[in-house]
Amino acid sequence: MWAAIRYRRAQAVVLVLLSTLVTACAVFAPLYERALEQSLLRSAVDGAPVADTALVARGGRSAINPDLRPAGLAAAVPAQVQALYSAPIGQMSDVINIVPRTGLKASPGRMVARSDVCAHLTLTMGRCPAAADEVLVSAKDQKAWNWQLGQRFTTTVPGPDTNVYPRPPDAQAKLEVVGAYEVKPDPRYWLRTTLDGKSGTLLVVGTEPVPAIDDFVTTEDTFDQAWGQVTSTLSFPLRRELLSVDNLDEVTGVIGARASTSSQGGALVESELPLVIQAVSGGQKQLRVIVPLLMAQLALLAGAILLLVGQAAVEQRRPEAALARLRGRSREGAGRLVMAELGLTVSLGLPLGFGLALALSEVVRRTLLAPGVPFEVPVLSVAALAASAVVCALAIVVAVRPLQRQAISSLLRRVSPSRAGAFAVVDILAVALAVFGIVGLATRTLTGPLALLTPTLVALAGGLVVSRLAVPVARSTGRTSLSRGRIGPALTAFGLQRRPAMRKVVTVVSVAVALTVFAANAVVVANRNWTARAQLQTGAPLVLETDSVNPTTLARAARAIDPSGDRVTPVAVIRQTAAGSTPTIAVDAEHFASVAYTPAGQDLRLAALKPPPVDTVILKGQRITGTVTWRLSSESDVLSGSSPASPADLAPVEMRLLVTGPDGTALIRQVTTFPANGSGSRQLSTPLLCPETCRLAGIDFRPTDPAAKTVSGTVTVRGLGIDGTSMGISSPNSWNPFAPVASGTTDALDLASPSADTMEFRLRSTGVAVARTYGDVPAKVPGLLAGGVPPGGTAAAFTAPSLTGAPLSVFSAQRPGALPVVGARGVMVDYATLQRLGGTLTSGGTLSVWLRDPGQADEVRKALRDNGIGVLRTNTYDAAKQRLDTSGSGWGVRLAVFTGLMAVVLAALVVIVMTVTGWRVVARDLAALHMAGVRMSVLRRALVREQLVLVGVGTAVGTVCGALSALVAMPLLPLFDDPSTPVPAVQIAPSVLAVLVATVACLLVLLPVGAAAAVGCGRRIALRRIRESV
Amino acid sequence: MKAGLGVSTRGLVHIYRAEGHDVAALSGVDLVVDPGEVVGLLGPSGAGKSTLLTLFGGLMRPSAGRVRVGEHELSTMTEPELDRFRAADVGIILQGAVRNLLPYLTARQNVEFAQRSAVRAGRGVPAAGEVLELVGLDHAATAPLDSLPPGQLQLAALAVSLASRPGLLLGDEPTSQLHHTSRDVVLDALHRVNEEWGTTIVVVTHDPDVAARLPRTVTIRDGRVGSEGRAGEEYAVVSADGSLPLPAAAVDAFPPGALVRVHHVDGVWTLIPQVGGSSDD
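Those sequence lines, one after another, are chains E and C. When we follow my numbering, the leftmost residue of the first sequence carries the number 1, and every step to the right adds one. When we follow my numbering, the leftmost residue of the second sequence carries the number 1, and every step to the right adds one.
Excised from the complex, chain C in its bound form:
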């Protein structure tokens, strides 16, 4: 049995070049995901969630910094090594179920298609039926895709991403555009995969209900890790250089350029903004 793969990044930077301008999607992300952990990436549009996911999947190379998945240092791997990595170690669910599926194949055939590279590389893969059973789609394994409802299509996409039984599952909005019933089915399936196979799962989501069902959430803001949620509690995360992004709710109180005094009394750290040239105590 393949255990989940841990993920860690250090000073991760990614810059997109568009029409002659450089746009920094990630500007120094430090994050650690433990093996077997289930993590949700949250944040506003354009914050860099999907970019981070893409870098985890080895679909792009970071502009700077390091990304490690299990024993693989992705930033230094060659392209064939990345191909082999995607074939066996990571499963990726693209946003929109149908983008993950060949429309002319059934769910089973799609899983088998996704297994080919791993099989050719000599990696052991589970039976397609086993994968489909795990996600709860064994009853529709041979049905034409265009006859499946959206929830089942998303399960099929999940099955395809799990075809090689990867140690890391990356999902970009795997529950978007789904009715809440279907969404719950998909979330259940994800948890089942995590529980039964120990697969590490990182999903991007905008949905607070989905986030609420995840044991850990990481909020990305302006290309950095803005905060983390654990068991319903939201925490700011101190970065490697000692900086601390404020929670969104506190940003209005501390506009950019504001002078803040950090006060420590009896184990309690207090931020005191300077008012009229002097700070209050």
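Just chain E, same shape as in the assembly:
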């Protein structure tokens, strides 16, 4: 046995290598998946604040448990859950009212007793409280109020809630200061508890501000039963190292069952750990799709290669089987002989493959994954090893079966009988499955294992079909070359036609290249989508969310930092609390594109957002001045229960200016009134009542008499101004067109300017106010609307929240698929337009500064700070991309790199192994030709050309099939952990560049390998080969 293995040493090495790779592929999948799951968990848990992963049992005193203390809450947490947590930290707290200095009002504060608290405090003076009513005060308060040791404070003790009426008076507690503290930062201990930070700030109590004071620290004994409303908590910091993928579901289940909704003896158990775990679960689900998707292709390829190589190896052992039968062995016995040799060879690769997979996963664990991922050998990897053994054994058994079926007389022939029929069945089956898979994927009706295997099946079918068609082509080419006297090309063609290895090499190279192309495309397409998502999420390379609520201040600061507006731009995002509402994003339409990312596949028509070229009119002064002349006629209506009023008796018509205050509030200023019938003229001198300035928003005329059926006529206003200074608003182009309140009415308000500084309004009112709005802000603001039209509107007119939260009338100038930051639902409007409307930011809004160059972050932060604007949060594209890169999907798709590399390695091995297994026959054939007079150099060149053609044809077929698979199978690859519809929409069009680069890379590996194998074989052409038989 060993002698036989040694005799074909090179072939044995390749077989061992092949089974090593098969095993490594199979075992690496569960190892990688497991390591990734652990990595996701570690990232999520380690990235979460300690407080988020802690478990908190909370309870208040009541008539049932009037002396509840933290220790009493331990029973609320099951022992199996407690095992995952460190020793709990108990805390009692209640409200106190302290008069910091005589003469001041009492400040509300909090008194806290926390277990082992003094170990986590630095005492700047005094000592730790040891008895009831002894307290520590913060060092800041002590210094601010000059509190002394021994100083006593009296506070009201909040008694128990009771239904007794009248409520008995609260008791008093006398607290003695025994020391002062500073907090030692320790998130694992303090969790969400913050003792200090309030000193020096003000609280509003009722209507009066009072100084805030930091928490007092005391002992549990202080909270005797008189403190009836004291809250006790028992916090369990998570022992993160104990949380594993294995106990994730169990922990979630147990905590979920106990948390929030359940209470034990009045205690409430809280933890945000399930939320953290939920994110991990999403990633796990994606990994369980991606890893099998990619590894199934590789496994199929590896299995097919093993079978093909097994067949080649068995073919080479036909003479040995024949000898065994000649000497009396049965068919089965002769087969077993071959099986034993090949099985032993292949089995050597199993432990090597297992070790290789372990080493690979260890490299990944140490270099790529989050710290703290344990070294593990999951049961699945052992199962994968067993499965590899079974696959290897099956491949050998299946390869040997035809040998066992052959009669001894057939075995004694040098050439194996043709099995064209069997191959035809395989071809038809592969083509049928591939077509079925492609149609299924294209119509989105195919799922499951066949869907996962379709890319490989397509390449398999392509390779088989092309290699079958190549036989007659090679034959024809050979004859043509021969007739023209071109011996070399003829030998190449006939070699391709004759050798059974040809079909195998073409098929395997096709599958391997297809897999590599598919994998490379998957990586590039995934990265493209992650980039698009990260860009959309962030909006710009760097975004500084500010605490500013004034859009003008922010815009001014931004402009001061970057006068060109091409590097820094202000952005406002206004969200409403209602679910499904349409948020507004306001951008500087002129400069936004040069700073922000454009959503992938979108061409935002920002030019459509630009405000009209009409300057805002700011009204500042005391009185509205000018001259108004009217000539009106009216009709009265019949009011119920009375006779028609005479038009002459109708109440007057109001002329009003529509303005907005500095805070964006819409205001109305009555300018004058005039009769609804008749004519006249009047000088205007009306108080403006805009002490902090107003913006002119429009002008309207309103019949005040409900009985007015129609009012029509002309109103001419000359020299309308403030304190005698004309506003300069007489041009009709400065005003928005008239928009009737309701459609189908005859209301109208036409504007003309017959002479300088004169506005002539021709009005017709059916009893309602007719208005023209000033043109600095369009009547309907243009917006780019992503997602559905907000309820109650149409694309031509809908409302969205303005800066102040008030509804803004918008029409859709474009319907892009997504908008930066707000995603698939939102409307983008012009920042300057909203700025003209005035007002400060509503509570649901954010004013931010977007930067093109993240390197300017510090500079911009400082400049904003100099303008009194603080930065609340910094968002960067890099961080967003990093999050996506390290998501479950990110890690999963990265496996494509491994599968691509392995596919090429496997293909290279097949090229080598086919040469190794067939070189004796080839060398003998060519030696015969050499004896017949063909020059050795011609023979060798023909061999090399033969290999290059094989690899070239296989690569071409693989590239086409890989691109086709990429087209139809990419939707199977979940690119995002978030199960909701991806925004922006996933772009799965194959990357031509990726396909080409992968193809070239494959050629760069496979062509030299093929050429080297051919050269090696060519060197063995010698006349003595003619004598060889085995």
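Keep in mind that the hints were calculated from the coordinates and are not lab data. For each residue, glycine too, the CB sits at the ideal point set by N, CA and C. Keep in mind that the hints are not guaranteed to be accurate.
Ranges of calculated distance between the beta carbons of each label pair, as one might list FRET restraints [said to hold, decoys possible]: (1) E:A386 - C:V119: 27 to 37 Å; (2) E:A340 - C:A249: 34 to 44 Å; (3) C:A249 - E:S483: 38 to 48 Å.
Anything over 12 Å on all C-beta distances counts as not near chain C; from chain E, calculated [to be verified]: (4) A3; (5) A75; (6) D224; (7) A322; (8) S330; (9) V465; (10) V473; (11) P613; (12) R669; (13) R764.
Over the 12 Å line for every Cβ pair with chain C, so calculated as not near, a few chain E residues [what the hints assert, rightly or not]: (14) G47; (15) G103; (16) A106; (17) P319; (18) G328; (19) L337; (20) G355; (21) A387; (22) S410; (23) T447; (24) R605; (25) A742; (26) L948; (27) P971.
Given chain E, put chain C in place with the hints provided.
Just chain C, lined up with the frame of chain E:
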């Protein structure tokens, strides 16, 4: 000691199917080889010599007719029975020494490999060394095969075919491609086997010198027994149906379709071809 096995065929026909055509390799061979006899099968290429040898070895089943080797009627044996037959009762030397040998084993190991089936079947086998000594290769028993000259390789092939001490040894051109010295060594070995073990030996050969050293030769022609040679004399062989193939030298004188009168005078049978519509006397 196992004695040689006799071989007999009756109406043996074998037809090959190739690319849709039937080709008759043997078309009614009647032949008897006595136990312990040494017989050479002669004849032109394609005459059916190797096919006959293959049928003797149970490697193929005849299309018609019977083949008996010793007590075994090969045409009716099942495949396992044929396997056991090859394991113990017949040794076969394929054409080309290296086709009989596993190249990665020594001569001794090859003999031992060939003995396994017989051993498993409970048959007694001679020691490998004894076999090698018999053929005169004991000195090279453990040498790598690729270091042996062609003659010794052929002796190794002979040793392998004798591994189970078969009653019948079949050799397909066992001396082809050998120098005459080596050829004689191999022929000597064959005779030694026949003499010492009583093994029946049937060899196919094209070599007249080899044929001359064999006590009996059978010439196969067109799938039939054409003639036999005994002690240097060539004889035509009357078949079971009474037909008599002419010796090759006489075929030109009696072309196909020629009318021949058989004349018997004083115990002498004379063939007289018809000339011009009447035969000469």
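Structure-based check of all given hints:
| no. | hint | verdict |
| --- | --- | --- |
| 1 | E:A386 - C:V119: 27 to 37 Å | holds (35 Å) |
| 2 | E:A340 - C:A249: 34 to 44 Å | violated (56 Å) |
| 3 | C:A249 - E:S483: 38 to 48 Å | holds (45 Å) |
| 4 | A3 | violated (4 Å) |
| 5 | A75 | holds (75 Å) |
| 6 | D224 | holds (95 Å) |
| 7 | A322 | violated (8 Å) |
| 8 | S330 | violated (5 Å) |
| 9 | V465 | holds (26 Å) |
| 10 | V473 | holds (23 Å) |
| 11 | P613 | holds (92 Å) |
| 12 | R669 | holds (109 Å) |
| 13 | R764 | holds (103 Å) |
| 14 | G47 | holds (61 Å) |
| 15 | G103 | holds (109 Å) |
| 16 | A106 | holds (102 Å) |
| 17 | P319 | violated (7 Å) |
| 18 | G328 | violated (2 Å) |
| 19 | L337 | violated (10 Å) |
| 20 | G355 | holds (29 Å) |
| 21 | A387 | holds (33 Å) |
| 22 | S410 | violated (10 Å) |
| 23 | T447 | holds (48 Å) |
| 24 | R605 | holds (74 Å) |
| 25 | A742 | holds (94 Å) |
| 26 | L948 | holds (32 Å) |
| 27 | P971 | holds (51 Å) |
Figure legend: structure checked against the earlier numbered hints; hints not met, in rising order: 2, 4, 7, 8, 17, 18, 19 and 22.
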